[in-house]
Amino acid sequence: MGIVFHLAWRNLWRNRRRTWLTAGAIAFSTILLVLWVPIQFGAYEIMINASLAVFPGHAQIQRPGYQEKPKIRNAIDNAETLAKKLRASNQFVGVATRAQGFALLSSGTRSYGAQVVGVEPVFESGTSSIPGLVKKGRYLSGIDAQEMVIGAALARNLKIKIGDEVTLIGGGKDGSVAAAILPVVGIFESGSNELDRFFSEIPLHTFQNIFSMGHSAHAIAIVGKTVEEQDSLLTALRQETKDRNDIVILGWEQLVPGLKEGIQVDKVSGFIFYGILIAVVVFSILNTFLMSVLERTREFGLMLALGSRPKRIAMLMMLESTLLTLMGLIIGMTIGSALVYWVHIVGFAYPGMEDLAQQYNMPGLSRLYPQLDLFNFLIGPGSIFIATNIVAWIPVLRIRKLEPVEAMRTI
Amino acid sequence: MFPRITRTTMLTALTVFNLASIAPAQALDAAAIIKAAMDQWRGTSSHSTMSMTIHRPDWERTMVMEGWTAGDKKSLVRVLEPKKDAGNGTLLIGDNMWTFSPKVNRVIKIPSSMMNQSWMGSDFSNKDIARSADIIDQYHHSLLETQTADGHKVYVIQSVPKEDAPVVWGKEVLRIRDDYVLLEHTFFDQDMKPVKRMKTSKVGMMGGRMVALQERMAKIETKDEYTEFKMLSAKFDISVPGSTFTLSNLRNPRF
Chain A
1 MGIVFHLAWR NLWRNRRRTW LTAGAIAFST ILLVLWVPIQ FGAYEIMINA
51 SLAVFPGHAQ IQRPGYQEKP KIRNAIDNAE TLAKKLRASN QFVGVATRAQ
101 GFALLSSGTR SYGAQVVGVE PVFESGTSSI PGLVKKGRYL SGIDAQEMVI
151 GAALARNLKI KIGDEVTLIG GGKDGSVAAA ILPVVGIFES GSNELDRFFS
201 EIPLHTFQNI FSMGHSAHAI AIVGKTVEEQ DSLLTALRQE TKDRNDIVIL
251 GWEQLVPGLK EGIQVDKVSG FIFYGILIAV VVFSILNTFL MSVLERTREF
301 GLMLALGSRP KRIAMLMMLE STLLTLMGLI IGMTIGSALV YWVHIVGFAY
351 PGMEDLAQQY NMPGLSRLYP QLDLFNFLIG PGSIFIATNI VAWIPVLRIR
401 KLEPVEAMRT I
Chain B
1 MFPRITRTTM LTALTVFNLA SIAPAQALDA AAIIKAAMDQ WRGTSSHSTM
51 SMTIHRPDWE RTMVMEGWTA GDKKSLVRVL EPKKDAGNGT LLIGDNMWTF
101 SPKVNRVIKI PSSMMNQSWM GSDFSNKDIA RSADIIDQYH HSLLETQTAD
151 GHKVYVIQSV PKEDAPVVWG KEVLRIRDDY VLLEHTFFDQ DMKPVKRMKT
201 SKVGMMGGRM VALQERMAKI ETKDEYTEFK MLSAKFDISV PGSTFTLSNL
251 RNPRF
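So the sequences go chain by chain: A and B.
Position one of the first sequence corresponds to residue 1 (our numbering), numbered consecutively onward.
Position one of the second sequence corresponds to residue 1 (our numbering), numbered consecutively onward.
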């Protein structure tokens, strides 16, 4: 074994420039993969956090069927009591009860349809960034205050400013006409077109009075420590609500199905790109080895004639390929990890990103950080290592066909 | 039903007449039957009371309403019962729709973006209420077959919207009795699958004419969710003052 290794090492340096070029190609693609995969996953994390932070939360408790068909009658009884219990368990970062309905909002001359959400003003900021996004005026003051906050585009459409009254007309839980006049105390700007155009919030008890809801509500939004801890969050929720069989617990994938699908599509296109990158590297390796086998046909013939078994020569070749790949990988991973670490420390920002984050009340969004996890780190180098070792077999298989005498005659 | 407004103005009447002279006889018949059925509903004017029951598997609610119509463009409905909703009203003039709620004492115009929303929580959309008479001039009609039922001839008419008609339906199929009572009205989506159906379950004399006394609108897929109308009283071809159909009368009832 010692001699085979020795031979392999010496063979590698027979053509320095070629070896360095091939190792460089491997190193370069390794750097790209080691750096880019974690950044890509870090970007997903930010996307998920940003869209969940605005309104949906990490999970919600609803009545069965409400997510598919949000009917005002399909409401959770004594929702506030349940929310209070969840809050008391101290396992969740944010818990907020919400009642939701659709209504016609009118400023007298203009009318628009909009989503109206009854919220607990004190707790809503724990599950949604909207309270922090109020750009004009203030957020709701109390759970039974007669007031309303609306989206900026909706305010513009209705032509209203802080202090103006909005007439709300919709259908109550009992089928009666729900109507009220509420002054607008705040206007929020979330950056989401949908929310800014079609969204308004009023205090929960005010909502329950107007829409004849009694003590019921439609959703309890919950925020856990991080999005990744979804499973333990759902388990804890199930544990805390096991005495209620009239509700369902929905994770964010179910609340915002489009988000996960979008990420999946992006992942697929990312992996196609990585696949191409790996294929290019693999072909350059294949080329190197094919050349080296061809130019050493004489040498192999001689070795065979001297009594080397084809197996031994094949082992020599495989060892050369492995050594070359490992060299490239080590260089690539060293530089790549240094870069990832650097990005991890200083973050990755593009111009304007910070302003954007500030505007949308998402402090975590100002910089992008790579998602450091062993899988993300090793998937690139691992794929390159496996792929190059597989293609190295192609030239190696040629050796088995060599006839010693004939091989020694080739130039 | 009160807002089944026949929107045939003189102009459209003329168009229908003109078409009649060149269209095949069958097409003329179908369009004429539909127009006659619409006219049967309201006459030149009407004043009626009816009840509307919204039924859901776990829930039911009945409202009593009073309605006035004049010509084919104007109608007014006001809720009488339950007490909680009494005084809520809807005014229709042409394609425009206003709603009034005594709770807030405001009249609000329903924007066109809300026309697909349910009317008073029922299985009818605002559009159904406001535009049901579009079927006369916005559709091509053809007589599919003539059946016999209970000693009456029943015409089955298929109405396909014209290319530029602002409707969501792929087609509609109506069954109309020979005395112009509408027995059944089925709405099909663009894939020609039936979506919802209105069925007349009781026909009788009221206010001097033969009308549908009880009708039920239900989605095809969920038959246990429906909205049922019952005619309680009706007068036709009476004089209704023009001031009935004004915003001020919607707000402060005088009629």
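Quick caveat, the hints were computed from the structure, so don't treat them as lab data.
Incorrect hints may have been included.
[Stated by the list, open to error] Some, not all, of what chain A presents toward chain B, calculated at C-beta under 7 Å:
hint	residue
1	S106
2	S107
3	I160
4	G163
5	G175
6	P183
7	V185
[To be verified] Dumping the calculated BS3-like pairs for lysine-lysine here, alpha-carbon to alpha-carbon at most 25 Å:
hint	chain 1	residue 1	chain 2	residue 2
8	A	K69	B	K193
9	B	K73	A	K71
10	B	K103	A	K161
11	A	K71	B	K223
12	A	K159	B	K109
13	B	K162	B	K193
Quick reminder that beta carbons are idealized off the backbone N, C-alpha and C, glycines included.
We went through each hint and held it up to the structure:
1. S106: Hint holds; S106/A Cβ to chain B Cβ min 4 Å, cut 7 Å.
2. S107: Violated: closest Cβ of chain B sits about 10 Å from S107/A, beyond 7 Å.
3. I160: Status violated, d = 14 Å.
4. G163: With a closest approach of 18 Å, the G163/A hint is violated.
5. G175: At 4 Å from the nearest chain B Cβ, G175/A passes the 7 Å test, so the hint holds.
6. P183: violated, 13 Å
7. V185: Since chain B brings no Cβ nearer than about 18 Å to V185/A, farther than 7 Å, the hint is violated.
8. K69/A / K193/B: holds, 21 Å
9. K73/B / K71/A: Status violated; Cα separation ~33 Å.
10. K103/B / K161/A: OK: K103/B and K161/A at ~24 Å, within 25 Å.
11. K71/A / K223/B: The given pair, whose Cα atoms are some 18 Å apart, holds under the 25 Å limit.
12. K159/A / K109/B: holds, 16 Å
13. K162/B / K193/B: holds, 18 Å
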